[in-house]
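Chains A and B supply the protein sequences, listed in that same order.
So for the first sequence, our numbering puts the first residue at 1; every next one is plus one.
So for the second sequence, our numbering puts the first residue at 1; every next one is plus one.
Read the hints as simulated data drawn from the structure, not as lab findings.
Be careful, since some hints might not be right.
If chains are identical, the list can't say which one is meant, so a pair holds when it fits in one copy or spans any two.
As the list claims (entries may be wrong) - For lysine to aspartate or glutamate, the following EDC-like pairs were computed, each having C-alpha atoms within a straight-line distance of at most 20 Å:
#1 LYS90 / ASP220
#2 LYS242 / GLU231
#3 LYS242 / GLU129
#4 LYS242 / GLU49
Number of protein chains: 2
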Amino acid sequence: MTEIPKSHPRYASLVARERVAEGVRKGLTSIQGLIAQGRGECFDYLLGERTTPSAAAATQAAAAMLLLAERPAFSVNGNVAALVPEEMVKLACALAAPLEVNLFHRSEERVKRIADLLRSCGAERVIGENPDATIEGLDHARALATRGGIYDADVVLIPLEDGDRCEALAAMGKKVIAIDLNPLSRTARRANVSIVDNILRAAPNLTAQVRQLSSLQRSDLEGIVRDYDNENVLHRAVQEIKGHLEGQFKD
Amino acid sequence: MTEIPKSHPRYASLVARERVAEGVRKGLTSIQGLIAQGRGECFDYLLGERTTPSAAAATQAAAAMLLLAERPAFSVNGNVAALVPEEMVKLACALAAPLEVNLFHRSEERVKRIADLLRSCGAERVIGENPDATIEGLDHARALATRGGIYDADVVLIPLEDGDRCEALAAMGKKVIAIDLNPLSRTARRANVSIVDNILRAAPNLTAQVRQLSSLQRSDLEGIVRDYDNENVLHRAVQEIKGHLEGQFKD
């Protein structure tokens, strides 16, 4: 991997780009994954490359929702595997949730490589290599799912996910938590909790929140979820982008 | 290429993404071109994925400027070659302008592949494989140009271009027309006409405008160019983004 000097002003974003490029070289991430990375970078830049107050609120609500879940499950795609494999494993272990490999551009080799990577990071339950169910409303290879994972889950965490899939899971009655830097995306709008933040920040923040909230009573966790307003959070994220653009052109 | 079902709500943007991914597989587009594509997607989202009124005004002024030109020339890079090779050829033919292959990350093989592709689309004059001039103020491989093309042109069309190169061409006294989805970029700010639109829409729109305006008198074309205010157009583009964001979430 190209060495990025820590002093480079764009260090964090260049490291992320290198991870995804390395993910492509290792056969974990699709070429299209690099495009998604570029899109995310742009939105992150507009957000100010930080966890905004609204994203922090979403992260807390997501943690509460996951702690309340009976059968939580996490989706992992090629970008997630390139960017934060270890953090996803830590989070999954903290909740005893399975990690399910789900790819928009599916190939069995790539599913296996990602599954192997997660296991090498210490994951206890990794599924997706032998799908035995299909999600209604999705085409073909994109509908594949695994019983005991996303298919049966009551709460699903779907970072960097396609809008169709988010819709389909929500239509099945599941509670959907998305991590998506674009507050205007179908995924962000359809999810129950949309964490509009860079997954490099959101994943460790979510793990920290899960640990912090794990001592709360169920009724308190339910209170957090009940008081949470995703529409308002997305509105605030959009205001944050507008504020950033405002500063670019002086009237 | 992965088949995108026509029913997918993001069909157009997914097709563009596939074209760029295919461009990489065919050795036309650099990997960095994928990140640039993603960044463009972000801005297109913010614009509402449509040709805005200000972009339409810029496209008209660009067409007038090209019709008035004595020696127009077009730059084609790896992303342009992946996305709109046929449209660029149609536009070049409509103006009897040469297509010059210019790459930020230059390799002779890639220049040749792009040149061959353009010729296979029916291009009459494709140059760039044998550069014989250098543009002042640019480093090395990025300064390479060809006499009879961009180097000698009075008006240059530079879609998806780097800010440094835009600056250098403007500094040579050329009239510069850019296509760039980011109204805040150095390229957009420095060009004489900045078409803030997706090249998938801008290229055919530009060709249509050239055909439509080709019957006008020179004095009328000069009037269009004289009345055009690029600073105002960029300002309007930013307002259009803010307006689009405003409309996304009702208070």
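Legend entry - 20 Å Cα threshold - placement of GLU129 relative to LYS242: Cα proximity of LYS242 and GLU129: none, with 42 Å in one copy and 44 Å across.
Inset, instruction - Measure nothing new, just compare the shortest in-copy and cross-copy C-alpha distances for LYS242 and GLU49 to 20 Å and report within, between, both or neither. - result: both (14 Å within a copy, 17 Å between copies)
Inset, instruction - Give the relationship of LYS242 and GLU231 under a CA distance limit of 20 Å: within one copy only, between copies only, both, or neither. - result: both (17 Å within a copy, 18 Å between copies)
Inset, instruction - Tell me, please, which holds for LYS90 and ASP220 at an alpha-carbon limit of 20 Å: within, between, both or neither? - result: neither (24 Å within a copy, 64 Å between copies)
In this structure, the hints that do not hold are numbers 1 and 3, in rising order.
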